[in-house]
Amino acid sequence: MTRPDRRGRVPAIRPRKALGQHFLIDHNIVRKIVRLAELQPGETVLEIGPGRGILTEALVKAASLVVAIELDRDLCTHLRTTLGHHPNFNLVEGDALTYDYAQAPSPFLVVANLPYYISTPLLFRLLGERTRIIRMVLMLQTEVARRLVAKPGTKDYGVLSILTQYRAVPSLAFHVSPGCFRPKPAVSSTVVVLPVRN
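According to numbering that gives the first Met the number 0, the residues represented by the sequence shown are 0 to 197, in order.
No lab work stands behind these hints, which were simulated from the structure alone. Backbone N, C-alpha and C define an ideal beta-carbon position, used for all residues, glycine too. Don't take each hint at face value.
Below, simulated DSBU-like cross-link-like pairs (lysine-lysine); rule was C-alpha separation at most 35 Å, straight line [said to hold, decoys possible]:
#	residue 1	residue 2
1	K154	K31
2	K31	K60
3	K154	K183
4	K183	K150
5	K150	K31
6	K60	K183
7	K183	K31
Simulated DEER-style distance windows between Cβ atoms [stated by the list, open to error]:
#	residue 1	residue 2	range
8	G178	A101	35 to 43 Å
9	D99	K154	34 to 42 Å
10	P194	R79	26 to 34 Å
11	G41	S187	31 to 39 Å
12	A185	Y165	30 to 38 Å
I would like the entire structure built from these sequences, with the hints used as guidance.
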């Protein structure tokens with residue numbers, strides 16, 4: 000577990016391969032994501048997989064309330080240490096696939112760097128909760144992002160394309176290079192904006 004040392008410093012968290020962890024380290028990308036979220040006064044943000052909290056910290060400064068769902072116990076300890084003093088930060092230690100989204104004040108926005116290994120089932124789950132969600136700003140593996148916006152008759156078009164476009168209006172915002180993460184992923188990433196159809 001990560002506890003501050005005698006000087007109050009928090010040790011670095013090592014990424015866990017089993018959870019497919021690649022931590023965002025680029026503050027410019029964080030700023031672009033927060034701008035895309037277009038947060039309004041009083042809005043609640045739900046973040047899935049906050050990791051070390053680089054995006055979470057920016058969201059806490061911009062949103063009325065941030066509900067962050069993190070599965071990794073060590074990361075939860077780290078987040079409580081670094082961000083727990085913010086009154087508008089609510090950390091949920093648990094699995095976003097089984098989380099009861101009715102617990103979060105709705106309507107809310109979802110802003111997240113989704114764990115790539117479970118991004119598709121998470122997308123299905125979030126789209127199933129669309130009546131609670133205003134819009135989503137998600138970082139995904141580029142291959143998955145292209146499937147969300149694919150047109151009929153193209154090679155990327157499929158069930159995920161149909162369901163997403165029926166329940167949201169997805170658009171590709173910008174690409175993120177592997178160098179913006181530690182460790183560098185073997186795939187490229189893309190940020191997608193999804194205003195939800197209610």
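The hints, checked one at a time:
1. K154 with K31: Holds - the C-alpha atoms of K31 and K154 are around 30 Å apart, at most 35 Å.
2. K31 with K60: 15 Å, holds
3. K154 with K183: 27 Å, holds
4. K183 with K150: 30 Å, holds
5. K150 with K31: 26 Å, holds
6. K60 with K183: Measuring from Cα to Cα gives roughly 27 Å; hence the hint holds.
7. K183 with K31: 20 Å, holds
8. G178 with A101: 35 to 43 Å: Holds, since G178 and A101 (Cβ atoms, about 39 Å apart) stay within the stated range.
9. D99 with K154: 34 to 42 Å: 37 Å, holds
10. P194 with R79: 26 to 34 Å: Once the Cβ atoms are compared, 33 Å apart, the range 26 to 34 Å for R79 and P194 holds.
11. G41 with S187: 31 to 39 Å: At 35 Å between Cβs, range holds.
12. A185 with Y165: 30 to 38 Å: At 31 Å between Cβs, range holds.
The structure meets every hint from the earlier list without exception.
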